[in-house]
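**Q** Numbering (the numbering used here), first residue to last: 149 to 592.
Incorrect hints may have been included.
List time: in silico BS3-like cross-link candidates among lysine-lysine, alpha-carbon distance up to 30 Å [to be verified]:
#, residue 1, residue 2
1, LYS557, LYS537
2, LYS583, LYS537
3, LYS536, LYS514
4, LYS312, LYS514
5, LYS557, LYS505
6, LYS415, LYS505
7, LYS561, LYS536
8, LYS448, LYS536
9, LYS448, LYS415
10, LYS557, LYS536
11, LYS583, LYS561
12, LYS435, LYS448
13, LYS514, LYS557
14, LYS546, LYS557
15, LYS514, LYS537
16, LYS415, LYS514
17, LYS415, LYS312
18, LYS202, LYS312
19, LYS505, LYS482
20, LYS546, LYS561
21, LYS546, LYS583
22, LYS505, LYS202
For the record, the hints were derived by calculation from the structure and aren't laboratory data.
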Amino acid sequence: MALKDNNLFSNGLWLISSIGALISGAMALLHGTGLPVLANIISLSMAASFSFRKDSSLIFALLYSAYSYFFSLIYIFARLFERSERKEERTPQSYSLLFVTAIPVIITLIFFFIYRSANPYFDELAANIKFDFLSWGLIGFTIMGFVLLYGYFNQMDILSLLYKDLTSPDRLINDESTFSKPLLNINNENISGIVLFAMLNLLLFIVNIVDVYSLSVATEFPEGFQYSQVVHQGINSLILSIVIAIAIILFYFRGSLNFYENNTAIKILAVIWIIQNTILVITCGIKNFHYIDEHGLTYKRIGVYIYLIMTVAGLLTTFIKIASAKSNWFLFRKNAWVGYAVLMLSCLWNWDMLIVKYNLSGIAAKTDLIYNVSLSDAGLPDLISYCKKNPQQMRDNKSFLIALDIRKKAFIKEFEDRDWQSWNMDDDDIYHELKSMESLPGIF
């Protein structure tokens, strides 16, 4: 792509997404988990779209790519018929590699399988010359790959979305004609906002005082409540409350009120409310930290921190919107990039391996072996080592040990039967570690 257009190296958005594609691709090779693959698909799609529309927003860039992939097969045939009707004179350069080589190869392969199923002698001959790697699945995968590649290298935009994207600046302009009509006159809307934010600030202040008290002074929860219930319900309620909070701020600061001469009070109250919501995020983070310290890591508990990071980013961009008279589109665009950054950071680790290592390290007060063994095979070496180091604890868990041993043997066999395309570094390390454990004395 860059060889075709050297100007792409001066396109910051394309560079960021291309670097993201390289990093996520390397992480997929290292870890072999789904998250780096997802990040790689998103990064490549962004790079393709930014190479076509250098001024697109991230959200719209992904929409353009999805549209191009989804309708690529239709466009392939539509352009073929269009060329046929026009009877254009074609030069060798006008032929796509897709039609010159790929389609004949694919059709030949289809007939290869038809003849192989119809003639046992031909089937035996094909088996003897090692054509076993060819399958209907491979043909389907190849066809789908060519179709998606066509969409990847022939990006299309959606005119209505493109117009909306290009005509929606990040900064608001003091022009009444560009604002949506207020429900009330500007003065009444300002007073309504002041009253609302004052009441919400008072309510949230009481909630924060109670939260700080419960963290610093209280030693037990109210009757009928458990710590997990307090953390998870608290996070769900927190996210809902902050989404509503941001929506309210977006409503009041959507237009004329940003430039109203008497808007100082409502701005101050809105900023105080943002600060108080940030305090609420911090207290939820502390609760989650104590929960992890007591019961160990899980995906839900890691997810809590991801939600909190995204929430803080949303509050920060909302503050910038109020302080600098930014548009609502500013929030959507910036927070989309925050989401992409969080996704890229998340794919740097093998989370199953990290969770098991942490939980069996003794840092947490309690260890839930059932949860740890329910994760992928990435934690098998640590689980087996833990069981061997704690024979007394395992004495009454023979069924657990047998199940663990079965999983170990199944992983070794599955890894040895893999094709080279499925190789990744983490699984290779796990395989050699498990193989070395076979000769060790112990409970197995």
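**Q** Would you mind marking each hint as holding or not holding in the structure?
**A** Right, here's what the structure says about each hint:
no.: 1; hint: LYS557 with LYS537; verdict: holds, 20 Å
no.: 2; hint: LYS583 with LYS537; verdict: holds, 18 Å
no.: 3; hint: LYS536 with LYS514; verdict: holds, 18 Å
no.: 4; hint: LYS312 with LYS514; verdict: violated, 53 Å
no.: 5; hint: LYS557 with LYS505; verdict: holds, 21 Å
no.: 6; hint: LYS415 with LYS505; verdict: violated, 47 Å
no.: 7; hint: LYS561 with LYS536; verdict: holds, 22 Å
no.: 8; hint: LYS448 with LYS536; verdict: holds, 29 Å
no.: 9; hint: LYS448 with LYS415; verdict: violated, 36 Å
no.: 10; hint: LYS557 with LYS536; verdict: holds, 17 Å
no.: 11; hint: LYS583 with LYS561; verdict: holds, 11 Å
no.: 12; hint: LYS435 with LYS448; verdict: holds, 14 Å
no.: 13; hint: LYS514 with LYS557; verdict: holds, 28 Å
no.: 14; hint: LYS546 with LYS557; verdict: holds, 17 Å
no.: 15; hint: LYS514 with LYS537; verdict: holds, 16 Å
no.: 16; hint: LYS415 with LYS514; verdict: violated, 47 Å
no.: 17; hint: LYS415 with LYS312; verdict: holds, 28 Å
no.: 18; hint: LYS202 with LYS312; verdict: holds, 15 Å
no.: 19; hint: LYS505 with LYS482; verdict: violated, 35 Å
no.: 20; hint: LYS546 with LYS561; verdict: holds, 23 Å
no.: 21; hint: LYS546 with LYS583; verdict: holds, 22 Å
no.: 22; hint: LYS505 with LYS202; verdict: violated, 43 Å
Checked against the numbered hints given earlier, this structure breaks hints 4, 6, 9, 16, 19, 22; the rest are met.
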